[in-house]
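Chemist: Use the sequences and the hints to build the structure in full.
The sequence shown runs 166 to 332 under my numbering.
Hints are all accurate, no fakes.
Cross-link-like lysine-lysine pairs, in silico, PhoX-like; alpha carbons within 25 Å at most:
(1) 330 / 242
(2) 250 / 215
(3) 206 / 292
(4) 307 / 220
(5) 332 / 243
(6) 201 / 272
(7) 292 / 215
(8) 206 / 287
(9) 250 / 220
(10) 292 / 261
(11) 319 / 272
Don't read these hints as lab results, they were simulated from the structure. Model, not experiment: these values are computed from the prediction.
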Amino acid sequence: MIKKMLVLATMLISTLGCAQKEETSFKSESLEYVLKTTEDKPIAFQEILKKHEGKTIFIEVWASWCPDCIKALPEVKKLNETYGKEVVFVNLSYDKTYEKWLEGINKYQVEGDNYLIPDGMKGNFGKSLNVDWIPRYLIVDKTGNIVLYRAIEKDFDTITEVLNKVK
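Modeler: Okay, structure coming up:
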């Protein structure tokens with residue numbers, strides 16, 4: 166009996182120790198990472214955040230080739246309709262080429278600020294944000310703190326709850 170309890174306690178501690186940490190601020194690798202604008206100009210992620218300083222920011226990491234991202238777009242559009250006056254929508258894309266990305270923005274009428282992540286999901290930016298799935302959503306509050314670090318397309322209730330608190 167004691168042996169079983171020790172094994173169970175060890176498993177519980179291991180599981181809790183491996184749980185993904187919810188970040189409250191961006192790593193320097195994320196902040197310094199250079200994305201592309203729709204005008205094909207370089208811009209550091211920290212410049213994007215600075216541009217919207219003092220506002221709540223909803224960040225969507227997506228790609229036009231991603232079926233789950235496309236299925237979730239109507240929900241994101243509803244959020245934009247509901248919170249668009251108080252919340253800035255920033256879309257970061259993993260599209261493979263600049264041209265395909267622009268086509269995707271137009272085809273799916275992606276609203277908000279759009280930027281391209283040039284080095285793909287397994288690149289430095291994705292690693293710095295622990296991106297293991299898209300679509301991925303983050304919410305940054307008016308003080309610049311990350312209040313929702315990891316949400317996916319099944320988490321729109323949580324996203325709405327957080328936006329209601331921080332808008």
